Each structure stands twice: as C-alpha cells, then as structure tokens.
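Student: These protein sequences, in sequence, are chains A and B.
Here this note's numbering is used: the first residue of the first sequence is -16, the next is one more, and so on.
Here this note's numbering is used: the first residue of the second sequence is -16, the next is one more, and so on.
Simulated from the structure, these hints should not be mistaken for lab results.
Below, in silico cross-link-like pairs of lysine to aspartate or glutamate (EDC-like), each with a Cα-Cα straight-line distance of 20 Å or less:
#1 K118/B x E85/A
#2 K21/A x E85/B
#3 K9/A x D98/B
#4 K118/B x E80/A
#5 K16/B x E85/A
#6 K21/B x D98/A
#7 K118/A x E85/B
#8 K16/A x E85/B
#9 K21/B x E85/A
#10 K9/B x D98/A
#11 K9/B x D67/B
Derived list of chain B stretches under chain A, where covered just means 3 residues or more per stretch with a C-beta under 8 Å from a C-beta of chain A:
#12 -7 to 3
#13 18 to 25
#14 76 to 87
#15 90 to 97
#16 112 to 120
#17 138 to 151
For clarity, every value in this text was computed on a predicted model and none was experimentally measured.
Cβ coordinates follow ideal geometry from the N, Cα and C atoms, glycine included.
Protein chains: 2
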Amino acid sequence: MTVEHRTSSELSATGKVVLGMLAFGKHTGYEIKQFVDKSTRHFWAASYGQIYPELRRFTVQGLVRSRSEPSGRRARTVFELTEDGERLLTSWLESTEAPLIELRHEGMLKLFFSDAGTAAKLDHVRAIRAGHERKLEALLAVEPQARQAPDSGPYLTLSLGLRFNQCIVDWCLATERRLAGEEG
Amino acid sequence: MTVEHRTSSELSATGKVVLGMLAFGKHTGYEIKQFVDKSTRHFWAASYGQIYPELRRFTVQGLVRSRSEPSGRRARTVFELTEDGERLLTSWLESTEAPLIELRHEGMLKLFFSDAGTAAKLDHVRAIRAGHERKLEALLAVEPQARQAPDSGPYLTLSLGLRFNQCIVDWCLATERRLAGEEG
DNA sequence: AGGTGCATGTAACAGGTTACATGATTAA
DNA sequence: TTAATCATGTAACCTGTTACATGCACCT
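Model the full assembly from the supplied sequences, consistent with the hints where possible.
Tutor: And the structure:
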C-alpha cells in the first residue's frame, strides 16, 4: 500500500475553495457556504451538495480533522486543516501553472447570434449591461467600504471585480450610443 | 400523447450554441466545434462529447433535419434547422430573462486566499495578468482585423472581449505598481 | 404558535470533459 | 510514407446543481 503524494492538481474546484476557507477561519460546512456566497461567489461558486461530501473526503484523506462541537443540542461538525492539508493548500497557492479562466456569458452568446433573431443588437447590449449593473450592485451591497479598495487579499479581488464589471458597463453604454445613433 | 411546447429554457448550454451555429451556417458537428473554438470559446465553450449527442437529440425532437452527405468515401452528416428549430432559436434570442453569467477564475481565488500562502500578492497579480494577456493574444490571433471592431454580431462580442481583458490587464499593471512600491 | 435562521446532509439528475477508437483524405 | 486534418462517435468519469428531508434554537 503506497501513500501517494498528493498534488494540488488533484484538487477539485470545490476542494480549492473549501481548503482556502478553512485556512481563512471558516470551520463548518455551513459557514463555508455562507461566506462563499458573500465573497468568492462571483468568480468561484460552491454548493452544499459539493461542500459536505468534499469535507468528508478530506477527512478520510487526512487533509482535515473533524470533531463534533454541538452548540446546545444542535449538531455541528467543526473542521480544521491538518499539516497535510496546509501543505496542499500552499502548494496549490504556489503552483505556477496557468490559472484556470472559464466564462459562460449568455448575453454575449445572444449578441453573437443576434443576426439570426429579430431582436436588435441594441437590446442585447442593454441586457448585457443590466446583468453587469446587477453584479456591481451585488458587489457593493456586500462590502460598501470596497470603494476605498485597500490591498488585503479579499479587497483586492473585490476591487478587480468592480473594475471589470464597470468596464463592461462602460463598453455597453458606448456601444448603445453608437447603435442608437445608427438607427436614429 | 401530448406534444409539449418547447421553450428556450429547456435548452442546455451546448444546445444553445449548437442551434445558433446551425443558423450561422455551420452544418456538421465537426464544423460547429471548429468554429466554436475560434469564436465563442472564450465565453461559451463546447465539446464533441456534447455536440454530437445534442445533434442527435435535436433530430429526434424535430428541431433539426439531418442527411448523410459523404464527401468522397468519408462519412459526413449535414444538419439544418427545421422551422421548429428556428422558432426555438428566436424564442431563446428574444427571451428577456436575466442572461446567465458564470465565471471560474482561479487567479482571483488564489489572490483571495493569498494570506494563507507564502507567495506574494504581487506574484498572484502578475499571474492573473499573464492569463489575460494570453486571452488578448488568442483573440487577436483569430481575427487580427478586430482592432477596427465593426458592429456585426461576431465583431461586437470580439470587441467586448478585447476591452474587458484589456481592462483587467490595466488593473493588474496599476496594482503591481502599487504593491511593488509598498515593498521597495 | 410560527417564522426565520442555524446546521447537516442525501438522492436524483444534469451537464460536461477526457480519453479512446476508427478510418478516410490530403499535403509534404 | 508519414503527418495533419477531416469526420464521427462513445464510454467512463467527474463535477456540480436542485430539491428534498430533518430538526434545533431563537425571537416575537
């Protein structure tokens, strides 16, 4: 029986965020999910259906330690990283492979195919803008103080998120003006 | 036996791009995949493993017509939209539900958790920039004339893609300068 | 007494990737 | 002749979402 060397490339998407959140100080599946939903959600989502099984797998693999810490009579399982878990997390954070970028953007797809439909390009662009305006609102709602964007890890990504959503909104506005001008 | 009214919300991700590509003038599974890879790939990818089964499902559902059109002795199945297929495509293009936006961005996730590792934030930001510079190159390589960005559907999305990747690169550069200044 | 939030989980399903297999054609 | 490209497809696997089920605790 060989103990295989675990590398960060074996981590699933949910695994990565779970490991990170444990180091971040979130200790139960519930806490992890809640915090993901108000932090990384916009660029890295996760669901209970993945988080809980992943925590169990990590326990079996010795990457986390779990103990039961009920609050009152309510069951509650608390997790923390083992040294192996910490090692795996750092090795992932330090790996230099090209980081994954995956996008699914329905508005852009519709715009791409707009000639096959009857809706004007202008409408597709407006719909794209609305989507990103919603994103901006959501980002600002969670952390209103983000406007100052200090350089701690969490705030840096927030500032990046604000910037690039704003960039798309600006592009839409400019394009809308141009398209409206051509029609009017 | 009731013929159910098909709505665009029943379309899978791959279904949407397949339908659109058929209207766009791509008629075989192979052509669709090739063209996706040099057009929508950056915001909507698809694989053979989904495209071929989807084409068969569409045939069964009467959304496309298929006929065998071998080129020489090499097998080749050509597909085209039926009226039902066209209707479904337009109804999707005209649907006003908030269009899906999904992002998986590993660089941002690493930056978010950077305090748990030993790598400097500066390195994470540089890695993010490298990723988006690659995207820019890929976009320009396929359509060098995109710099002029006319307003046809395909070029509009290309222009948007260029803009927002450029925006992230700029943010990275500014942030790198700031982080380097704090360290030096 | 009832609603909201805390907390844990599973089953069914959907969606998608990867690797593999096959074979013809064409250009070097 | 060999590599690349055209062309089609499947099986195994992985990943992930949704909906459901359960029950405690706290506040009003």
